[in-house]
Amino acid sequence: MARSWRVGGLVAAVAVALAAFPLVFSGPFPLHVMILTFMFATLAVAWNIMGGYAGMFSFGQAAFFGIGAYTSSWLLVAHGVNPWLGLLAGGVVAAIVGAAIGYPCSNLRGHYFAIASIAFAEIVRVHFNNWKLVGAAEGLTIPMTRPGSLLHFQFHQSKAPYYFIALAFLLASLAIARTVSRSRMGYYFRAIKESHELATALGISFVRYRLAAIMISAFLSAAAGTLYAQYILYLDPESVLVLSTSVQVVLIAMLGGAGSVLGPAIGALILVPVSEVTRATLGHRGTGIDMMIYGALITLISVYQPKGVWGLIAGRGGRPGGGAGHPSPAAVSAPEGGR
Amino acid sequence: MSEQLVQQIVNGLLIGCVYSLIAIGLTLIWGVMNIVNFAHGDFLMLAMFVSFWLFTLVGLDPLLSVPISALLLFVLGLLIYRFAVSKVMRGPMLAQLVVTFGISIFLANTAVLLWTPDYRLIDRTLLSGTWSFGTVQVSIAKLVSSVGSVLVTVALLLFLRRTRTGKAILATEMNRDSALLMGVNTDRVNALSFGIGSALVGIAGAFLSMYYYIYPQVGGLFGTISFAIVALGGFGSITGAFVAGILVGLVQTLGGYFFDPAYKYAIVFLLYLLTVWIRPQGLLGW
Amino acid sequence: MAHPTRNSLAAFFLAVLALLGPPARAQTQKVIRIGAVYPLTGNIASTGLDCRRGAELAVDIINGKYDLDLPLARTEGLPNLGGAKVELVFGDTKGEPKNGIAEVERLVSQDKVVAIIGAYQSSVTKTASQATERLGIPYVCSDSSSPTLTQSGYKYFFRASPHDALFARDQFNFLKDMEKKGQKVKTIAVLYENTEFGSNVGKEVVKLAAEYGYKLVENISYTANATDVSSEVGRLIRANPDVLMHASYITDAILFTKTFHEMNFKPKAIMTFAGYIEPAYLPAVKADGNGIVVRSTFALDLARSKPLVAKVNELFKKKYGMDMSENAARSFTAPFVLADAINRARTTEPEAVVKAIQETSFGPQQVIYPWQGVKFDPQTHQNVYARGILVQIQKQQYVTVWPFDAAAAPVIWPLPAWGSK
Numbered sequence: 000m001a002r003s004w005r006v007g008g009l010v011a012a013v014a015v016a017l018a019a020f021p022l023v024f025s026g027p028f029p030l031h032v033m034i035l036t037f038m039f040a041t042l043a044v045a046w047n048i049m050g051g052y053a054g055m056f057s058f059g060q061a062a063f064f065g066i067g068a069y070t071s072s073w074l075l076v077a078h079g080v081n082p083w084l085g086l087l088a089g090g091v092v093a094a095i096v097g098a099a100i101g102y103p104c105s106n107l108r109g110h111y112f113a114i115a116s117i118a119f120a121e122i123v124r125v126h127f128n129n130w131k132l133v134g135a136a137e138g139l140t141i142p143m144t145r146p147g148s149l150l151h152f153q154f155h156q157s158k159a160p161y162y163f164i165a166l167a168f169l170l171a172s173l174a175i176a177r178t179v180s181r182s183r184m185g186y187y188f189r190a191i192k193e194s195h196e197l198a199t200a201l202g203i204s205f206v207r208y209r210l211a212a213i214m215i216s217a218f219l220s221a222a223a224g225t226l227y228a229q230y231i232l233y234l235d236p237e238s239v240l241v242l243s244t245s246v247q248v249v250l251i252a253m254l255g256g257a258g259s260v261l262g263p264a265i266g267a268l269i270l271v272p273v274s275e276v277t278r279a280t281l282g283h284r285g286t287g288i289d290m291m292i293y294g295a296l297i298t299l300i301s302v303y304q305p306k307g308v309w310g311l312i313a314g315r316g317g318r319p320g321g322g323a324g325h326p327s328p329a330a331v332s333a334p335e336g337g338r
Numbered sequence: 000m001s002e003q004l005v006q007q008i009v010n011g012l013l014i015g016c017v018y019s020l021i022a023i024g025l026t027l028i029w030g031v032m033n034i035v036n037f038a039h040g041d042f043l044m045l046a047m048f049v050s051f052w053l054f055t056l057v058g059l060d061p062l063l064s065v066p067i068s069a070l071l072l073f074v075l076g077l078l079i080y081r082f083a084v085s086k087v088m089r090g091p092m093l094a095q096l097v098v099t100f101g102i103s104i105f106l107a108n109t110a111v112l113l114w115t116p117d118y119r120l121i122d123r124t125l126l127s128g129t130w131s132f133g134t135v136q137v138s139i140a141k142l143v144s145s146v147g148s149v150l151v152t153v154a155l156l157l158f159l160r161r162t163r164t165g166k167a168i169l170a171t172e173m174n175r176d177s178a179l180l181m182g183v184n185t186d187r188v189n190a191l192s193f194g195i196g197s198a199l200v201g202i203a204g205a206f207l208s209m210y211y212y213i214y215p216q217v218g219g220l221f222g223t224i225s226f227a228i229v230a231l232g233g234f235g236s237i238t239g240a241f242v243a244g245i246l247v248g249l250v251q252t253l254g255g256y257f258f259d260p261a262y263k264y265a266i267v268f269l270l271y272l273l274t275v276w277i278r279p280q281g282l283l284g285w
Numbered sequence: 000m001a002h003p004t005r006n007s008l009a010a011f012f013l014a015v016l017a018l019l020g021p022p023a024r025a026q027t028q029k030v031i032r033i034g035a036v037y038p039l040t041g042n043i044a045s046t047g048l049d050c051r052r053g054a055e056l057a058v059d060i061i062n063g064k065y066d067l068d069l070p071l072a073r074t075e076g077l078p079n080l081g082g083a084k085v086e087l088v089f090g091d092t093k094g095e096p097k098n099g100i101a102e103v104e105r106l107v108s109q110d111k112v113v114a115i116i117g118a119y120q121s122s123v124t125k126t127a128s129q130a131t132e133r134l135g136i137p138y139v140c141s142d143s144s145s146p147t148l149t150q151s152g153y154k155y156f157f158r159a160s161p162h163d164a165l166f167a168r169d170q171f172n173f174l175k176d177m178e179k180k181g182q183k184v185k186t187i188a189v190l191y192e193n194t195e196f197g198s199n200v201g202k203e204v205v206k207l208a209a210e211y212g213y214k215l216v217e218n219i220s221y222t223a224n225a226t227d228v229s230s231e232v233g234r235l236i237r238a239n240p241d242v243l244m245h246a247s248y249i250t251d252a253i254l255f256t257k258t259f260h261e262m263n264f265k266p267k268a269i270m271t272f273a274g275y276i277e278p279a280y281l282p283a284v285k286a287d288g289n290g291i292v293v294r295s296t297f298a299l300d301l302a303r304s305k306p307l308v309a310k311v312n313e314l315f316k317k318k319y320g321m322d323m324s325e326n327a328a329r330s331f332t333a334p335f336v337l338a339d340a341i342n343r344a345r346t347t348e349p350e351a352v353v354k355a356i357q358e359t360s361f362g363p364q365q366v367i368y369p370w371q372g373v374k375f376d377p378q379t380h381q382n383v384y385a386r387g388i389l390v391q392i393q394k395q396q397y398v399t400v401w402p403f404d405a406a407a408a409p410v411i412w413p414l415p416a417w418g419s420k
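Residue numbers (numbering that gives the first Met the number 0), protein chains in the order written: chain A, 0 to 338; chain B, 0 to 285; chain C, 0 to 420.
Bear in mind the hints are in silico, worked out from the structure with no lab data behind them.
Where is the CB? At the ideal position from N, CA and C, for every residue including glycine.
Keep in mind that the hints are not guaranteed to be accurate.
[As the list claims (entries may be wrong)] Here are the in silico distance ranges between beta carbons for each label pair:
hint, chain 1, residue 1, chain 2, residue 2, range
1, A, Ser243, C, Gln150, 21 to 31 Å
2, C, Lys317, B, Asp186, 56 to 66 Å
3, A, Asn81, B, Asp186, 34 to 44 Å
4, B, Leu70, C, Lys317, 57 to 67 Å
5, B, Phe258, A, Asn81, 34 to 44 Å
Using the sequences and the hints, build the whole thing.
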């Protein structure tokens with residue numbers, strides 16, 4: 000009982016803090032950091048539906064992100080389609096592509112799936128890099144429409160509107176993740192993650208639910224892609240389709256706490272500001288120290304807090320060895336490598 | 000035309016052998032511990048720097064730095080296993096994936112701090128120059144590296160199959176719990192496998208440093224390709240990784256030559272996807 | 000156990016928030032801050048650091064007293080603003096376009112810089128120049144070479160250095176000049192890395208080859224930072240062009256040079272862009288580089304007709320212990336353009352500075368390049384005098400070979416055999 004009060008108070012405090020942030024920190028850099036944080040949080044929440052719930056560790060989320068960014072931008076640049084419609088179109092395209100690639104990969108497990116997702120994302124990147132229709136390596140520049148407006152999804156005077164839109168994206172994806180998590184589908188996802196054989200024996204269609212997870216995740220990632228494109232107003236394969244973006248998404252989700260609803264968002268709230276602030280304060284020396292700190296931080300958290308920050312907050316964190324999901328050493332050592 | 004075809008096949012084999020050696024170290028670790036070492040490419044980078052500094056400071060030829068590089072990387076592998084990887088072995092699988100990413104970022108940027116982001120190349124090695132076989136040109140350094148890769152692979156297979164320690168590693172790879180029951184100290188086996196896997200990439204790095212440029216981010220693409228190779232060959236399969244490495248070298252070179260160089264790595268990844276679609280466990284996995 | 004960790008987490012958040020807030024820096028009247036964004040870490044950090052050296056030396060010269068013809072060299076600081084000193088504040092982009100925006104905004108809002116220079120990679124310059132356009136802050140670039148940058152009609156963006164379309168045209172004019180000397184060229188192959196820089200050059204070369212009447216026998220785009228390039232070189236050997244034109248960054252320049260030698264690819268000339276003139280290139284390939292022609296804005300042997308070049312290089316050497324590279328030399332110009340404009344405007348107010356930049360007029364003696372000076376086109380904001388030169392690597396030195404009137408040595412033609420260098 001006391002616990003739920005505390006949670007309620009915390010939620011209220013966070014809500015007030017998030018709403019007040021643009022008033023307190025009016026400079027563009029803090030807002031920029033927060034916009035990126037919300038964007039990566041959305042990506043991590045989307046990843047979590049695939050990876051955290053359904054156990055498909057994708058290292059190729061940049062492909063969905065990029066497809067979303069490219070679809071809405073291309074529709075806008077070449078055909079003058081409103082970016083909000085483009086956002087929906089990008090989400091649908093990404094979901095279809097996700098299903099198309101997910102179907103043949105649906106019997107891959109563990110590391111095989113992870114490597115397949117890298118391979119898929121790299122193929123997408125190379126293809127966009129050579130695809131003349133979408134500007135190939137030169138990318139797409141979205142023309143500035145002045146004055147900016149919500150309808151055109153562009154703002155030039157202040158970053159606050161981007162801040163609130165990005166926050167809305169995050170809240171929407173959290174709501175979707177929560178709904179999925181509590182629905183029957185969510186239970187099936189976790190059943191599939193725990194034991195493929197058991198799930199099949201219970202009559203859960205393995206392929207169908209895996210595809211559902213991929214498609215939801217792809218749609219949300221693509222929406223974040225449109226947000227990126229409309230915010231930066233320029234995109235090329237090197238900025239939206241690279242492996243490092245995919246990896247960052249996984250790192251955020253894992254460090255925050257994969258499998259929980261809020262974990263990935265908390266991961267973004269820590270990791271994105273850390274990486275931006277260390278770059279801003281130490282990067283100009285050109286010594287690489289900022290990234291050393293970042294790398295060391297990731298290593299330390301995965302060693303000492305392997306269930307992520309969420310595990311800590313929820314009070315069930317602990318040293319490696321204990322924890323739900325991996326009840327016995329035997330379950331850990333049984334290779335998930337599809338043997 | 001056909002001369003150029005022979006040349007391309009030769010070059011594909013040469014780069015393929017080096018891919019194989021890099022991938023074998025990765026697959027050993029993967030097979031025994033079920034851990035993906037995403038820092039593998041950075042280990043390769045460190046090995047190349049070892050050869051570079053031994054050459055620059057002491058004048059030791061990269062060919063002779065092979066054993067030193069192997070030894071140093073073996074020790075590095077042991078340390079990283081002891082202080083990071085072993086601690087997540089019983090944790091969630093995701094933590095196991097992520098811990099090596101952290102190490103990767105850390106190592107690459109430590110190299111930037113220590114040695115600046117500059118590009119280096121070792122020149123005038125014992126093995127510089129090319130041999131001409133008719134119209135086909137073969138770089139001596141690449142040829143020796145490839146022969147070296149094959150020899151190291153054979154030696155590893157012999158070690159695993161003929162020695163007591165090797166058999167313990169293989170047993171652990173096949174079934175950890177049975178191995179534990181049979182009295183194998185699996186923690187020691189893990190440490191040893193991680194060390195040997197790192198030593199193998201150390202050898203690959205020393206070979207590669209004879210003809211490839213060296214800088215802190217050099218491990219990136221080699222690392223990514225070696226993941227695809229290991230998965231293509233089947234996780235944990237040494238022979239699989241060897242065959243897949245050569246296959247990838249050939250596909251990349253011939254694909255670039257006949258189709259489009261811009262797509263040559265994409266073709267490699269496509270090959271992987273098609274293979275696992277048909278055989279989810281990889282070419283020689285089980 | 001949970002509580003101390005929770006507290007440390009809270010402390011950590013507070014620390015992050017403290018960093019996000021505006022720094023409490025005292026604003027002195029005597030300092031004019033210019034933001035300089037470069038890729039100082041990441042894949043091409045080596046180039047970014049090189050650019051930084053050039054910009055830093057320029058600021059030293061502006062702030063100190065030097066007997067040089069460069070603008071503001073003979074006075075300390077900006078005389079019209081009471082001798083105010085210029086200070087560079089660096090921002091690291093890691094070479095990522097999104098950081099171009101972030102760093103410009105951060106430098107402007109937190110460090111109160113009044114103008115921006117730099118970026119190097121054209122994709123980053125694109126987003127950075129868009130940010131300055133939104134903020135209304137002057138941006139003078141002298142190191143990015145994509146032609147598209149000065150085609151957006153931006154009000155606050157200026158480029159002092161030449162772009163790739165000009166550079167590509169130089170290469171073709173050179174071939175025409177060689178024909179007048181009796182060296183016939185019929186076929187050309189183009190090879191370029193497939194990022195924004197390389198593909199732009201590729202596009203220009205294809206266009207110009209048709210315009211100048213050369214037959215294009217091979218058109219190869221390849222993945223940058225490749226592990227092996229024998230299939231690319233194999234295709235070149237099969238096409239057997241008279242001249243190869245190659246646009247690459249440093250890593251691929253090294254790898255291709257080694258592979259050209261190894262597979263004995265021997266056109267009459269190898270004409271190149273960018274990577275072949277980085278300071279790390281020659282130490283890496285040594286004699287294999289001999290005979291390769293590179294587009295450039297700068298070469299140390301320009302000192303023969305321009306004593307200023309030698310003097311500046313001496314200062315550079317004293318400060319950094321190495322010769323000035325082409326990247327450093329290019330980034331050297333932007334601070335002068337800005338400092339001179341601010342000095343004439345007598346204020347850092349953006350509109351006045353932009354107006355002053357528009358009226359910039361440097362003479363040939365005020366730049367370290369073989370240009371007529373600096374003067375911006377009123378529409379595009381491209382320096383109308385900017386042009387390239389061609390240098391050839393001879394005995395492991397960059398030697399100016401074209402235009403012939405600025406040449407320090409005759410061109411070595413055709414390319415010498417690989418073994419005999």
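Do the hints match the structure? See the list:
no. : hint                             : verdict
1   : A:Ser243 to C:Gln150: 21 to 31 Å : 30 Å, holds
2   : C:Lys317 to B:Asp186: 56 to 66 Å : 58 Å, holds
3   : A:Asn81 to B:Asp186: 34 to 44 Å  : 60 Å, violated
4   : B:Leu70 to C:Lys317: 57 to 67 Å  : 43 Å, violated
5   : B:Phe258 to A:Asn81: 34 to 44 Å  : 39 Å, holds
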